[in-house]
Each structure stands twice: as structure tokens, then as C-alpha cells.
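J.: So the protein lines, in turn, are chains A and B.
Residue numbering for the first sequence is 1 to 308, as defined by the UniProt record's numbering.
Residue numbering for the second sequence is 1 to 308, as defined by the UniProt record's numbering.
FYI, nobody ran anything at the bench for these hints, they're computed from the structure.
Treat the hints with caution; some may be incorrect.
Just so you know, same-sequence chains aren't split out, so a pair can sit in one copy or run between any two.
[Stated by the list, open to error] 30 Å max Cα-Cα, derived DSBU-like pairs, lysine-lysine: (1) K32 <-> K4; (2) K20 <-> K78; (3) K31 <-> K217; (4) K155 <-> K255; (5) K69 <-> K110; (6) K69 <-> K157; (7) K240 <-> K251; (8) K4 <-> K31; (9) K32 <-> K157; (10) K20 <-> K114; (11) K155 <-> K251; (12) K240 <-> K69; (13) K32 <-> K204; (14) K20 <-> K32; (15) K4 <-> K78; (16) K78 <-> K157; (17) K251 <-> K32.
There are 2 protein chains.
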Amino acid sequence: MGNKLIECVPNYSEGRDMQKVEQIVDCFRGKKGVKLLDYQTDPNHNRCVVTVIGEPDELRDAVVASFGKAVELIDMTKHEGQHPRMGAVDVVPFIPCRNTTVEEADAVAKEVAKIVGEKYGVPCFLYEASASAPHRENLAKIRKGQFEGMAEKMKDKELWAPDFGPETIHPTAGVSAVGARMPLVAFNVNLDTPNLEIASQIAKRIRHIGGGLRYVKAIGIMLDDRNLAQVSMNLTDFTKTSVYRAFELIKMEAKRYGVNVLESELVGLVPMQALVDCAEYYLQLASFGPMTFDADKQIMEIRLLEEE
Amino acid sequence: MGNKLIECVPNYSEGRDMQKVEQIVDCFRGKKGVKLLDYQTDPNHNRCVVTVIGEPDELRDAVVASFGKAVELIDMTKHEGQHPRMGAVDVVPFIPCRNTTVEEADAVAKEVAKIVGEKYGVPCFLYEASASAPHRENLAKIRKGQFEGMAEKMKDKELWAPDFGPETIHPTAGVSAVGARMPLVAFNVNLDTPNLEIASQIAKRIRHIGGGLRYVKAIGIMLDDRNLAQVSMNLTDFTKTSVYRAFELIKMEAKRYGVNVLESELVGLVPMQALVDCAEYYLQLASFGPMTFDADKQIMEIRLLEEE
Numbered sequence: 001m002g003n004k005l006i007e008c009v010p011n012y013s014e015g016r017d018m019q020k021v022e023q024i025v026d027c028f029r030g031k032k033g034v035k036l037l038d039y040q041t042d043p044n045h046n047r048c049v050v051t052v053i054g055e056p057d058e059l060r061d062a063v064v065a066s067f068g069k070a071v072e073l074i075d076m077t078k079h080e081g082q083h084p085r086m087g088a089v090d091v092v093p094f095i096p097c098r099n100t101t102v103e104e105a106d107a108v109a110k111e112v113a114k115i116v117g118e119k120y121g122v123p124c125f126l127y128e129a130s131a132s133a134p135h136r137e138n139l140a141k142i143r144k145g146q147f148e149g150m151a152e153k154m155k156d157k158e159l160w161a162p163d164f165g166p167e168t169i170h171p172t173a174g175v176s177a178v179g180a181r182m183p184l185v186a187f188n189v190n191l192d193t194p195n196l197e198i199a200s201q202i203a204k205r206i207r208h209i210g211g212g213l214r215y216v217k218a219i220g221i222m223l224d225d226r227n228l229a230q231v232s233m234n235l236t237d238f239t240k241t242s243v244y245r246a247f248e249l250i251k252m253e254a255k256r257y258g259v260n261v262l263e264s265e266l267v268g269l270v271p272m273q274a275l276v277d278c279a280e281y282y283l284q285l286a287s288f289g290p291m292t293f294d295a296d297k298q299i300m301e302i303r304l305l306e307e308e
Numbered sequence: 001m002g003n004k005l006i007e008c009v010p011n012y013s014e015g016r017d018m019q020k021v022e023q024i025v026d027c028f029r030g031k032k033g034v035k036l037l038d039y040q041t042d043p044n045h046n047r048c049v050v051t052v053i054g055e056p057d058e059l060r061d062a063v064v065a066s067f068g069k070a071v072e073l074i075d076m077t078k079h080e081g082q083h084p085r086m087g088a089v090d091v092v093p094f095i096p097c098r099n100t101t102v103e104e105a106d107a108v109a110k111e112v113a114k115i116v117g118e119k120y121g122v123p124c125f126l127y128e129a130s131a132s133a134p135h136r137e138n139l140a141k142i143r144k145g146q147f148e149g150m151a152e153k154m155k156d157k158e159l160w161a162p163d164f165g166p167e168t169i170h171p172t173a174g175v176s177a178v179g180a181r182m183p184l185v186a187f188n189v190n191l192d193t194p195n196l197e198i199a200s201q202i203a204k205r206i207r208h209i210g211g212g213l214r215y216v217k218a219i220g221i222m223l224d225d226r227n228l229a230q231v232s233m234n235l236t237d238f239t240k241t242s243v244y245r246a247f248e249l250i251k252m253e254a255k256r257y258g259v260n261v262l263e264s265e266l267v268g269l270v271p272m273q274a275l276v277d278c279a280e281y282y283l284q285l286a287s288f289g290p291m292t293f294d295a296d297k298q299i300m301e302i303r304l305l306e307e308e
């Protein structure tokens, strides 16, 4: 594995026929510079979500290959499922992972969208950080109308001409959204109270829209089985709003209710840097000077990922 | 790279003839399951220190090969250098790194010592966690007398019969110490005071021999260029005495002097778990329950190290 790594989480509109799913997922197996981390199918959604990591060029090629396979195997005119969808490859986010920026993820996203548009005739909309206009940043807005409504929607060329590929939908593969975004960190803090209102009030104060931290989305929820209230968060850019900052702010706000933090939890895959940032903060690790703590280089496991 | 990884830091008695050094180091290059992380030569010490990581069997074979090369190339009867030494391969510590215990490192150490004793006729003393008797745990005690005095020293068979290999020294390669130990974490805390006495007092209280933490060695030192006193530590088993515990104890003891902690620093390679432990503690990450924080599996970079 090289030094520059990007994560990709493509969503395919097939979650029932496992033979087809395996053929798509095979595009990520045994490829140099590409590593399949996970794939999950949901028959109700009739959808498959793949998590794969790779070096930019190799990842691009594998994603393009999977695109070709999905276009070949999936017929959206016959697709049924609970999850909203607009194409055989519904959405393809690229996420900076190691030694890469969101700009580099964006570059790969645009390459993939361009190739796919030309090679397979699938119109592609750039979204999130790759979006070409503000009204295209949000995936839900692009996908509104779904596969069945997309041909009509795209007649409004001013608003919905695709960024790459033909101006009309692919007859069986529909359209796709491709773009770059920062990794999400799902972080929950359980309060030592069964009072949901307290968790909701704290969530309102710490989240961006309520005057809180720039990259925090938060709601209060009830953990019924444990009779505890939880502040449930998505950190949308942990490099700017660190986990420890959200955590300490919750503790601070909880004080006005005399409520303590019982515990916290990180859900799903977490970039190591998100944890190292916390160790650096709490241990007051110096980040400059002759004895610099260059976390990445000093962590043994990371050295193992480097090429000699 | 597989899941079980052991680190080895062999010391060779050659630090001047770089052609010889390269031939020895080559034993760790291009080997499946083995990764050379670092090697440093010191002409004054006339010594080379290699840092390598690998799967147990592959690491064993590479270390044995390097042993053979060193025995072939190094003549201890002609060796000069400031660093104490007793053999062409002076000392070979094995350190558990990922998904391995000190017992597994010990098993590899014993295999290497046995093979080397038989194959190259180099007497081997097991030391540290592998030692066969308390008086052999400490490397300095084994090495006392150095290469030149070792033949005489080993005449006392009751005390100094080797654990493996012939009962007399190899004529040109001397003897070697091989053994397992836990990784050291070098951790320093800088105090907001130029008073060395305060750092020394704190060091005395937090270290094992002074009634402090079991796996902490500590001294107070003066950083003259910054006019700051530092508590300088070696954590000899961070899995039992965590970095955060040493850190918090220093802050606690510093309070009696009204002194604050200015910053801290980790020196050299650090196992990731040492940092993750700190993030877990300070963020109060729950380590049980249905939403378990299984740090290792959740850290993206670690998933990259796993075999599919």
C-alpha cells in the first residue's frame, strides 16, 4: 500500500441477487493498490454499499470497472427497493484517507465521472465538495424524482444538465452522483440521565446551526433499553472540529444541568488521526520544536503502511 | 503483512565498513512478511542497530540469516569501538508488536538462539523476559567483561554456561544475547519551571522504586537550552501502566509545587495502542456493550494492515 490513500464508498442498486453483487465486488479484489474493506447488501433497500481504499489511480480504475459491471448487470427499469435511487451506480463518494486532501479526492471523482460518462454513457452529477453549483451539493436534491423521474427532470438543462456524459439518462443504468467529501466521524456521548430534553438542549447548543461548532451535526436521542439520553453526533470534518472539542463542550454544557457524561462511543471506521488528535490534546503533546511529535511517523503501525 | 507481528532490534558490531553493514541489512530486504523499518550506524560505537518487523517465522529466518552474514563478515578480535560489546551480533531483542504477546516473542527468541548456536557455533545467552535465571535478566551483567573477557568468564559453567550453542566462545564472533522484552515508550513531560529539584522530586514519587507506578522509570533532567525542568520517563509496559496514568500522576504531584505541565513529548516509535488507550480514557469511550469501541478494528489504517 502506497502513501496516498483515498476511500470510496460506492452504492450499487442491487442487494438481492448475490451473484450479481459478487461480480461487481470482484472488481475490487486482487487489484494492486486497492483494498476491499467491506461490502454490505440490504435486500429491502435492494442496494449494496462497498467500502474500498486505494491509491488514487488504481482506485479510479477499479471504480470505473465496477461501474461497467453494474451498468451491464443492473436494469433500473426493473429495480424495486425502499431506498431512494436514481442509477445502477447510485452514488460514489470519494473521501481523503491518508496523505490526501479533499482536493485530491475531488480530482479522482472528476476523472471517474468523465470516464464513466464517455465510456458507459451514464450522465454524472458532481456533488458535495465536487459540486459545480450550490444546488448540486446535496445528494437528496440531485436524486429527487429518482430513476423514474430523472428523464423529465433533466429536460431543464439550465438546472440539471449533467457535469459529464450524455444529456439524457442511460436507458437501464439511469444517472449517477460522484463527488468528494470529508470522512464522517460518528460520535455519541451518553449522559447520566434518562432526561431526553437535556440531551436535546445540549445537542442544540453544540451543533453548528445552533451557534455551536462548525462541523458538528447533533441530536438528542433516547436509549430506551438503557434508560439513558444520548447526544448523537456526526463530525463532518474532524480535522477542523476535533472529537475532543465536541466532547469537552458537551461536558461543559451538561454542567448547567448537574449532569455527568457516562461514556462515549465511536461508531464505525475512524481515521487514526481523529484519535491521535485527542491523545495529543489531553497529553499536551508538543507539536513543534526539535523533539517534534510527528504522530504519523512515530506510530509503528503507520510505518508498516509505508513503502520502503 | 499478516496479523501477528513482532519487532526485532538486533545490534551488530560493525558501524564503519558500510559495505559489510549493507550485506547484513540486505538479509531483511525483499523478504515476504518482513519489513525493514530503520538501521543506524555509529562509527564511534562501531555498531549498527537495525529495526525490523515481521511475522514470527519469517522474522526468525531473516534474523538467523543476518546472524550468519555477521559471523562471516565481522571479526571481533579486530573490533574497536566505544560501546560495550561481546559478539558480532551483540544483542537481539524481540518485542511483541501487533497481536502478539511477550510469550510469543520469547518463543521466537529461543528458536533463533537454538538455531544460531547449532548452525553457526555462537553461544547464546537468553536475557530479559527470556532469561533462564535472574542473574541473566540484565544485559549489562551478561556482557560484563566484553568480548575479550568472555572466554575466561564462561569457565564458570555454573553461572555462565550459555543457554544454547557451544560452551566456549566463537573465535571471531564471540557470544550473543537474545531475548524478549516489552516495547519501551519514552515519554517526557516538561514542567513550567526551571527548578530541576521539582522535576527530580516528582520523578522519585511516580517511579516504581519510589512507590509510584509499577512500569515507570523516571528521572528529573534540565533542558538547559529552554531553561525548563523535565520529568523523563521510560514506560516499560504501557499495556499495564498507560501513558495517561503517568501523565495525570505527574500533574497531580506538580500541584503541590504550584507548577503546571507545559507540554509533553513521545520519543521514537510508539505502538498505536499506547495512544488509543489515552483517547479511550479521556473521551470515556465505552469498552463494552453492544456498541463496543473495538479500537483496533475501527481504525481505518489498521484495517489496511489486515489480510483479507
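J.: Would you mind marking each hint as holding or not holding in the structure?
T.: Hint check:
no. : hint          : verdict
1   : K32 <-> K4    : both (14 Å within a copy, 22 Å between copies)
2   : K20 <-> K78   : within (15 Å within a copy, 69 Å between copies)
3   : K31 <-> K217  : neither (36 Å within a copy, 47 Å between copies)
4   : K155 <-> K255 : neither (55 Å within a copy, 71 Å between copies)
5   : K69 <-> K110  : within (19 Å within a copy, 52 Å between copies)
6   : K69 <-> K157  : within (29 Å within a copy, 72 Å between copies)
7   : K240 <-> K251 : both (19 Å within a copy, 28 Å between copies)
8   : K4 <-> K31    : both (16 Å within a copy, 23 Å between copies)
9   : K32 <-> K157  : neither (40 Å within a copy, 55 Å between copies)
10  : K20 <-> K114  : within (25 Å within a copy, 53 Å between copies)
11  : K155 <-> K251 : neither (51 Å within a copy, 67 Å between copies)
12  : K240 <-> K69  : neither (38 Å within a copy, 51 Å between copies)
13  : K32 <-> K204  : neither (46 Å within a copy, 53 Å between copies)
14  : K20 <-> K32   : within (23 Å within a copy, 34 Å between copies)
15  : K4 <-> K78    : neither (39 Å within a copy, 47 Å between copies)
16  : K78 <-> K157  : within (27 Å within a copy, 84 Å between copies)
17  : K251 <-> K32  : neither (45 Å within a copy, 48 Å between copies)
When the structure is compared with the earlier hints, violations turn up for hints 3, 4, 9, 11, 12, 13, 15 and 17 and for no others.
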